[in-house]
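Colleague: Throw the hints in and build the complete structure from the sequences for me.
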Amino acid sequence: MNTNRRHALKTGGALSLLSLVAAAGWLKPGDAAAADAWNKSAFETHSLDETMKALGGTSPVPSNDIVFFSTPDIAENGAVVPVGITSKVPQTESIAILIEKNPNMLAAVFDIPPGTDPSLTTRIKMAQTSNVYALVKANGKYYATSKEIKVTLGGCGG
Amino acid sequence: MRTRIVGHCIGGIAAIGIAASIVYGCASAPAENDVSERAEAMMKSSFKAHGQATLARLDQDETQRVCSEYAGRALPPAVAERIEKANLETIRYPADGNLVGDWKSGEKIAQSGQGFQYSDDPKKAAGANCYACHQLSPKELSYGTIGPSLYRFGKTRGYTDETRRYAWQKIYNAEAFAACSNMPRFGYHHILTEQQIRDVVALLVDPASPVNQ
Amino acid sequence: MRTMIRLAVAAGAAAAFAASIGAALGESTADEIAKYREALQDGNPAELWEARGEQMWKVPRGPNKVSFERCDLGLGPGVVKGAYAQLPRYFPDAKRVMDLETRLVWCMVQQQGMSEADALKNTFGNGSAKRSDLEALAAYVASQSQGIRMNVALDEPHVHDMYRLGEKMFYYRGGTHDFACATCHGDDGKRIRLQDLPNLTKVEGAQKAYTTWPAYRVSQGELRTFQWRLNDCFRQQRFPELAFGSDASIALTAYLAGRANGAAYAGPAIKR
Amino acid sequence: MADPMKIRANLVGDSTEVKVLMSHEMETGQRKDAQGKTIPAWFIQKVNVTHNDKVVLAAQWGPAVSKNPFVSFTFKGGARGDKVKITWVDNHDDSRTDEATVA
Numbered sequence: 461m462n463t464n465r466r467h468a469l470k471t472g473g474a475l476s477l478l479s480l481v482a483a484a485g486w487l488k489p490g491d492a493a494a495a496d497a498w499n500k501s502a503f504e505t506h507s508l509d510e511t512m513k514a515l516g517g518t519s520p521v522p523s524n525d526i527v528f529f530s531t532p533d534i535a536e537n538g539a540v541v542p543v544g545i546t547s548k549v550p551q552t553e554s555i556a557i558l559i560e561k562n563p564n565m566l567a568a569v570f571d572i573p574p575g576t577d578p579s580l581t582t583r584i585k586m587a588q589t590s591n592v593y594a595l596v597k598a599n600g601k602y603y604a605t606s607k608e609i610k611v612t613l614g615g616c617g618g
Numbered sequence: 051m052r053t054r055i056v057g058h059c060i061g062g063i064a065a066i067g068i069a070a071s072i073v074y075g076c077a078s079a080p081a082e083n084d085v086s087e088r089a090e091a092m093m094k095s096s097f098k099a100h101g102q103a104t105l106a107r108l109d110q111d112e113t114q115r116v117c118s119e120y121a122g123r124a125l126p127p128a129v130a131e132r133i134e135k136a137n138l139e140t141i142r143y144p145a146d147g148n149l150v151g152d153w154k155s156g157e158k159i160a161q162s163g164q165g166f167q168y169s170d171d172p173k174k175a176a177g178a179n180c181y182a183c184h185q186l187s188p189k190e191l192s193y194g195t196i197g198p199s200l201y202r203f204g205k206t207r208g209y210t211d212e213t214r215r216y217a218w219q220k221i222y223n224a225e226a227f228a229a230c231s232n233m234p235r236f237g238y239h240h241i242l243t244e245q246q247i248r249d250v251v252a253l254l255v256d257p258a259s260p261v262n263q
Numbered sequence: 012m013r014t015m016i017r018l019a020v021a022a023g024a025a026a027a028f029a030a031s032i033g034a035a036l037g038e039s040t041a042d043e044i045a046k047y048r049e050a051l052q053d054g055n056p057a058e059l060w061e062a063r064g065e066q067m068w069k070v071p072r073g074p075n076k077v078s079f080e081r082c083d084l085g086l087g088p089g090v091v092k093g094a095y096a097q098l099p100r101y102f103p104d105a106k107r108v109m110d111l112e113t114r115l116v117w118c119m120v121q122q123q124g125m126s127e128a129d130a131l132k133n134t135f136g137n138g139s140a141k142r143s144d145l146e147a148l149a150a151y152v153a154s155q156s157q158g159i160r161m162n163v164a165l166d167e168p169h170v171h172d173m174y175r176l177g178e179k180m181f182y183y184r185g186g187t188h189d190f191a192c193a194t195c196h197g198d199d200g201k202r203i204r205l206q207d208l209p210n211l212t213k214v215e216g217a218q219k220a221y222t223t224w225p226a227y228r229v230s231q232g233e234l235r236t237f238q239w240r241l242n243d244c245f246r247q248q249r250f251p252e253l254a255f256g257s258d259a260s261i262a263l264t265a266y267l268a269g270r271a272n273g274a275a276y277a278g279p280a281i282k283r
Numbered sequence: 033m034a035d036p037m038k039i040r041a042n043l044v045g046d047s048t049e050v051k052v053l054m055s056h057e058m059e060t061g062q063r064k065d066a067q068g069k070t071i072p073a074w075f076i077q078k079v080n081v082t083h084n085d086k087v088v089l090a091a092q093w094g095p096a097v098s099k100n101p102f103v104s105f106t107f108k109g110g111a112r113g114d115k116v117k118i119t120w121v122d123n124h125d126d127s128r129t130d131e132a133t134v135a
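These protein sequences, in sequence, are chains A, B, C and D.
Take the position in the first sequence, starting the count at 1, then add 460; the result is the number in this note's numbering.
Take the position in the second sequence, starting the count at 1, then add 50; the result is the number in this note's numbering.
Take the position in the third sequence, starting the count at 1, then add 11; the result is the number in this note's numbering.
Take the position in the fourth sequence, starting the count at 1, then add 32; the result is the number in this note's numbering.
Derived from the structure by calculation, the hints contain no laboratory data.
As the structure is a prediction and not an experimental result, all values here were calculated from the model.
Treat the hints loosely; a few may be bogus.
[Claimed, not checked] With a cut-off of at most 20 Å between alpha-carbon atoms, the simulated EDC-like pairs for lysine to aspartate or glutamate come out as follows:
#1 C:K69 / D:D35
#2 B:K173 / D:D65
#3 B:K189 / A:D533
Modeller: Written as structure tokens, this is what we have:
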């Protein structure tokens, strides 16, 4: 099971979560996310099975045009992990952050209207060392990149 | 002399009068011993018992007292020798003579810092928190440097009876070898059980332990 | 987002940290942890506490409906600018050396008419259900000393005496683990797990450490004051609990603040 | 009621840089209290940023966004004195709107 999961993720299984999300009608071009109802099902995806079931759309294309910045490889504390993402993919419409090993994979989705730079920073929680995906929707298509962020133990009482 | 002193009423501290009046009564360059005594009295009135951490924890044994007195300065050789000798005498060995346990369990003990804090559950086994101060298994990136690296402890020293015995003694009472060492005396203070010490010894001296890879 | 001073301190600390552990850990880990700390500097939630504290400062409080604008932190009633950089200090009206938190409690009780129990409710906050007025007030007052050099009056006899007692405490070993403050904070270039430990016996170490408290602790999602810092150090030392505002807490604060004299205050900071 | 946000909006060249800190627990619903009872989830779900009534950023969040959230981003245009307005709504339907002036 575990091996399967890992294998699937490496071959883009996790990224297909976005297809699920897209299929659920989220991230419609030009929409402001806040105007929509909060997308409960997308934020409660926590196993690959769920994602697999929803495999309908195309998987995101790995892209070197999506770059993490101000995002360390090692976090001193998992409660606050700074993440910065810039997309150079033309016509970027939205940027999402997914954390593979969190109880729920999807952390945040930002819709980027025309006129706003496709670049932002925020802070996320990570339960453990994990791959973090930056997923971009541009001109109706999905692109992604990922990096591993290590979460370290700290303190004297630990 | 003093009217109402907010801080002193905080947390139900009583009997401050004595310590405090001394504090304000002797403001001009008191003798060093006097400062030590007043500091101790001040601490005893400023800390409050909390769960398993009772005020008795502030009572020092001879080793603690002498090490506090030297305040980080080098000890005269005679004093250091006296402390080391006294601590060496406290070391006890397992009745069955077996000093080496299971390194896997030792690794867990080395990772855990639980135990003896007032916030800890006293019913749970304490850890040794070795990684807080030492490098051990190279797989653990998050290690401290207060103590020396113990990576390849057994491999470097040889897998001998002498090495195993030294590891036991050092964990049991580090002051037996280095007076005023920063390392807790895990056996002397009963922080770890006999079996736990065996397991940590194994982590250090078992050729199969990740520490010796 | 903050002043240049704060950024400069952060960058300096990050560089020093990278240098101190680079050899032991491999450059990459040290660099990445330094990067992590740097990335946190831009946007410090301590500001949320400062804003709440500032608002609280001006509002009439307690049964007497008196605001903190009557509270004398040592530079005159209501004067906040630079006050933190001179604390702890001796207050003749209380006949006692006080740190910021103890003085705020004194003003709440003596001027605003609150009971001590009320003033000391939630000294250490825990989420929105248990918010600490003291932490917010301390964050605000401390923020008003940014860039101002620490100047604790060590020549004042009461403060000097507390400084000496605090120094003794710093080296006092006890408990089940034989720990003293000096166990972890008496040497250069050491760390516990990955956290670098300031050598508080050296002036530079004390300056770097003291001038960044209060601080937002990302591990707790709370702003913590120096009283909390000491309280939690002793918990981990396996000592009994250091009482809030006790003489021992103020003596140790006087020792560390006094050793930080001369350094520009650079808090409230953001820390692991 | 929720605490005010801390918003900064600064003109940098021909763009406006927005940085915001929000006061919120962002409780995951995964943690347990001292009695072993699960602490219910409580987190911001939607964020909307407008500049002169035009949306410049819209977000949906799960509970994996850190406590006391921070976001920074940049949009083209803006002039000193313009208003940047930010609204968040959490899963208790509590919400908060604050405004900052572009400096």
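Colleague: I'd like to know which numbered hints this structure contradicts. Please list them from smallest to largest.
Modeller: none
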